[in-house]
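**Q** Given chain Z, put chain B in place with the hints provided.
If you read the protein sequences in the order shown, they are chains Z and B.
With the working numbering, letter number 88 in the first sequence gets 88, and the count goes up by one each step, no holes.
For any residue, its number in the working numbering is found by taking its place in the second sequence, counting from 1, and adding 1000.
Think of the hints as simulated: they come from the structure by calculation, not from any bench.
A portion of the hints provided could be inaccurate.
[To be verified] Here are some chain B residues the structure puts well away from chain Z; computed CB gaps all over 12 Å:
#, residue
1, Met-1012
2, Leu-1075
3, Thr-1099
4, Ala-1117
5, Asp-1188
6, Arg-1248
[Unchecked claim] For lysine-lysine, the following DSS-like pairs were computed, each having C-alpha atoms within a straight-line distance of at most 30 Å:
#, chain 1, residue 1, chain 2, residue 2
7, Z, Lys-5, B, Lys-1193
8, Z, Lys-36, Z, Lys-76
9, Z, Lys-4, B, Lys-1225
10, Z, Lys-83, B, Lys-1225
11, B, Lys-1193, Z, Lys-12
Don't be surprised by glycine CBs; every beta carbon is placed ideally from N, CA and C.
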Amino acid sequence: MSAKKIVEPIVKGQFTYRDLPIGAMIPVPATSLEYKTGVWRTRQPKIDYGKCIKCLLCWVFCPDAAIKRLDDDSVKVDYEYCKGCGVCETVCPVKAISMEEV
Amino acid sequence: MARQAQERIAIMGDEAVALAVKQSNVDVIAAYPITPQTIIVERLSEYVANGELDAAFIQAESEHSALSICVGASLAGARVFTSTASQGLALMHEIVYATSSMRVPMVMAIANRSLNAPLNIHCEHGDVMPERDSGWVHLFATNVQEAYDLTFIAFKLSEHPDAQLPVSVNLDAFILTHSVEPLTPISDDDASKFLPPRQPLYSIDFDNPATFGTMALPDTYMEFKYQLKEAAERAGQVYPKVAEEYARISGRRYWYFNSYMADDADAVVLVLGSTYGTLKAAARRLRESGLKVGVIGLTMFRPFPEKQLVELLKNAKSLIVMDRAYSYGGLGGPLYMETLAMLYRNGLRVPAMNVVYGLGGRDFRLDEAESVLKMALDGARRGRFDEHVIWWGVRA
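With the rest of the complex left out, here is chain Z (with noise of 0.2 Å):
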């Protein structure tokens, strides 16, 4: 049984209990990466590229591991995942990051 059997149809909503895996045992490793966060988001950050002098405070803070470290040390925001909390926003110390509304 794959990650993405599991989770899809529990994210479009199409299943009932029998489904489910008994006493919510989880079958596969890794079924996190197919539950999009992304979407719970109001909010997400906004990088802008001229103010960002490469600290990757963001990097460290993000508690999602939503920051993206490149191999030139600059960042990209995984909107796959970010579930726009702000706190790249408050530690970045240039105030290169923004929120901005979704």
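**A** Chain B in isolation, oriented as in the chain Z frame:
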């Protein structure tokens, strides 16, 4: 089927349970000692130390840990046993719910003892009642033989794929745990035939990692709990089949309850645990004088055998429900409240009263049992009781 002649021995309740657990070929026992359960795990630790039982015996640092160890061991595919009472069970409370909700088979003997305060080590059902709503199957023994037999039935029921639930075997503190009674054990061969090595539905497998004890958010939580509801009800349906299989090897037949002349009785008394024996003896005396009394001792409290009880009670003219526990500020004891709900929703308008008795191990003697039965007869004759709840013998 021809059974070999069975030896009759004298044994106390705790030792009888330990013997049954040994014969059930358990793999893991994790426990923490507490009166009056201690002898169960003491005997088991001796069996393991003497090489009579090939199992891992783990003395945990608390009951909370003991039950947690049991959960892990059962998920690894082991047949698992633990035992506790009173405060020990209260300390397990969190894991009690995790065990049933994670659908982990295991058996726990509960030596029913009152809960602090005041500190008291004697018999009461107030320790198991907080676990009433957990999804565990709760079985109650009325004597030492039943505590022994129900332990085997509990393992079989617990591991049944239709149930896949933990099961508790309740035996009254001291009255059963420390009383020597005659016991006819089953043979080791029969025990092994009844309980072959466990075949888990799934278990921890390092080559195929899985996650146990996960989080479920509002989108799925109710469905997982609905699974538990269905499983608990299925356990009730599977139970007679398991009991019948046990009857074939032991000659002793178990049902949702014991009953003594309840089917044609005017006045019926319903009770849990060893008091059934006292009431039965008193009822026999009254029957000899032509008084139509009956007694029901509930073996299975969870799942509640509603259909079977309604069938048995449909002609009763009065009912006294005896509780060795109480819901303070509530309508009465837990068995009484459940029974009232059952009567009401099945349209039975039989007058019912609650007798709360024996808290903290206060004796309930034969002459008192006779008085309660006569009180039930009085209720049947008058078509009503004057009180909803009485506390038997309390100096009020």
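**Q** Next, verify each hint and record whether it holds.
**A** Structure-based check of all given hints:
1. Every C-beta of chain Z lies more than 12 Å from that of B:Met-1012, the closest at about 36 Å, which supports listing it as non-interface.
2. In this structure B:Leu-1075 is not separated from chain Z by more than 12 Å, as the shortest Cβ-Cβ distance comes to only about 8 Å.
3. With a least CB separation of 10 Å from chain Z, B:Thr-1099 falls inside the 12 Å interface cut-off, contrary to its annotation.
4. The Cβ of B:Ala-1117 sits about 36 Å from the closest Cβ of chain Z, beyond the 12 Å cut-off, so the non-interface label holds.
5. With a cut of 12 Å on Cβ distances, B:Asp-1188 stays outside the contact zone with chain Z, its closest approach being about 32 Å.
6. Residue placement check: B:Arg-1248 keeps its beta carbon more than 12 Å from all beta carbons of chain Z (closest about 29 Å).
7. For the suggested pair Z:Lys-5 and B:Lys-1193, the alpha carbons sit about 40 Å apart, so the restraint of at most 30 Å is broken.
8. Pair hint Z:Lys-36 plus Z:Lys-76 holds up; C-alpha atoms about 17 Å apart against a cutoff of 30 Å.
9. Only pairs whose Cα atoms come within 30 Å are accepted, and Z:Lys-4 paired with B:Lys-1225 is accepted, the gap being roughly 23 Å.
10. Under the criterion of a C-alpha separation no larger than 30 Å, the hint pairing Z:Lys-83 with B:Lys-1225 is consistent with the structure, at around 28 Å.
11. Note on B:Lys-1193 and Z:Lys-12: the hinted pairing is violated, with a Cα-Cα distance of about 47 Å set against a maximum of 30 Å.
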